[in-house]
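Chemist: Construct the complete structure from the given sequences, taking the supplied hints into account.
Count along the sequence shown from 1, then add 83; that gives the number in the numbering used here.
Just so you know, the hints here were simulated from the structure itself, not pulled from any lab data. Ideal placement from N, C-alpha and C gives every residue a C-beta, glycine not left out. A portion of the hints provided could be inaccurate.
Stated by the list, open to error - FRET-style restraints, in silico, Cβ to Cβ:
#, residue 1, residue 2, range
1, T460, K500, 49 to 57 Å
2, K143, T221, 35 to 43 Å
3, N318, A200, 34 to 42 Å
4, K165, G251, 16 to 24 Å
Stated by the list, open to error - Straight-line Cα separation of at most 27 Å, DSSO-like style, residue types lysine-lysine; simulated pairs:
#, residue 1, residue 2
5, K338, K377
6, K338, K239
7, K192, K165
8, K338, K379
9, K273, K239
10, K172, K500
11, K143, K500
12, K500, K165
13, K172, K192
14, K338, K273
15, K192, K143
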Amino acid sequence: MAIINEKYLSAPLTLPIILVTLLMSTSACSNQSVVNTNEDLAEYKDAKTSDAHSSMSADKPEFSTEIIATFDEPWAMTALPKADNSPQKILVTQKTGELFIVDTTTGAKTAVTGVPAVAYGGQGGLGDVIIAPDFASTNNIYVSYVEAGEGADSGKFGAKVIKATLIGLDTSTPSLQAIMPIWEQSPKVKGQGHYSHRLLFSPDGQYLYVSSGERQEKTPAQDMSVNLGKIIRLNADGSIPADNPFSNDTNDIAKQFWTIGHRNILGMAFDDSGQLWAHEMGPRGGDEFNLIKKGKNYGWPLVSNGRNYSGVDIPDHDTQPEFEAPEITWTPVISPSSMSVYSAGTVDDFPEWQGNMLISGLSSKALIVVGISEDNTAAEHYRYDMDERIRSVLAVDGQVWTLEDGNDAQLLRLLPK
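Modeler: Here is the structure:
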């Protein structure tokens, strides 16, 4: 039987309604695209699948890999601005709390000091890192991490986002200084899963988007009084934009929200036309690729194209059309962990991938390439077996790097054949 934490129920939802919805076991098969091409969760044999949107190509571009450096439990990476003829440098985080500057030509790693103490454990620790839109003049970056609670919150955890200045970038002793809190999950809860805490700036550099997981509690995703299970939209200084969709909500915290009804978003990216896309980990089946629309509800935990880990079914998206349905779902899951859009730059290693979304896969041990059509339908174009869990993928200036998961994880440059 599903266990509902009553303190997270929002006013429009009642416990009986949620219990009935979560326990329904006769939902209709979804008509959304379901890609079923890997062996993860093979025991989920009764999943109803369709390849309606799949366009896997036999003439996909191939690549070899070059090892750049190794890490222990890396989580995220982002590119630093590159001057002409200078080596590309990348910032890499490790969950245990380390931040490195990596020279992708030599593989040299330089540790950055001044990183706040993180609550390491489970899925928690040091998370995402991105540069500020004005990095060239300020050297500011944004970092997410998991913070342990104190006092009444002792034994509880939540994600936090800070802005900091990266001093000494080209020295042997770089450091974070002038740290300023930007945002945090509220409330902190027990358990160490589903933080999400992915960071992304809008193409115009004006707005900061933060994915906030529902912390494996399910019901917070529909609760307007907590910021778990949401995509957050802020100004660069952490203030709330006046045109956010819930700016008139009676709960002040809801003014942060851009969208609601999410489970665990680990990848966000804007396409070439400026639309926001996100992938989301489903439960037992039902990983999602979603077009993110202002103010919309994506349905978790009331709908999902997967089922509970207990085996209890969850109504599919097409049974409740008031919720936004994904453009692609994957059952068995790919366990998507990050996303980067490919665009040619001074080099163009993979012209076939132009404008496509590159998605790293954990349980699938894959790199997945997704294309988006003018009508916003999406399809998996290519899938590459990487032989290892892939934690992060980064496309910049027409080049691509992937970062493996776990200990002795390799940072790889993809080289076209």
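Chemist: None of the hints should be skipped; say for each whether it holds.
Modeler: To see whether the hints hold, each was checked on the structure:
1. The hint said 49 to 57 Å for the Cβ distance between T460 and K500, and at roughly 30 Å that hint is violated.
2. Take K143 and T221: their Cβ atoms lie about 41 Å apart, and the range 35 to 43 Å holds.
3. Our hint of 34 to 42 Å for N318 and A200 is violated, since their Cβ atoms are close to 27 Å apart.
4. Between K165 and G251 the C-beta distance comes to about 18 Å, which sits within the given range of 16 to 24 Å.
5. Among the hinted pairs, K338 with K377 is consistent with the structure: their alpha-carbon atoms are about 12 Å apart, no more than 27 Å.
6. Proposed proximity of K338 and K239 is supported: the alpha carbons are some 24 Å apart, at most 27 Å.
7. Distance hint between K192 and K165 is fulfilled; the C-alpha atoms sit about 17 Å from each other, no more than 27 Å.
8. Proposed proximity of K338 and K379 is supported: the alpha carbons are some 14 Å apart, at most 27 Å.
9. A C-alpha spacing of about 4 Å is found between K273 and K239, which places the hinted pair at or below 27 Å, so the restraint holds.
10. As the CA atoms of K172 and K500 are separated by approximately 24 Å, the hinted pair is consistent with the 27 Å bound.
11. For the hint linking K143 to K500, the alpha-carbon distance of about 11 Å falls within 27 Å, and the restraint holds.
12. Between the alpha carbons of K500 and K165 the distance comes to roughly 25 Å, so the proposed pair stays at or under 27 Å and holds.
13. Proximity of K172 to K192 is assessed by CA-CA distance (about 10 Å); at most 27 Å being required, the pair is judged to hold.
14. Between K338 and K273 the CA atoms are separated by roughly 25 Å; this keeps the pair inside 27 Å, and the hint holds.
15. A hinted pair counts as satisfied when its Cα atoms are at most 27 Å apart, and K192 with K143 does not qualify at roughly 33 Å.
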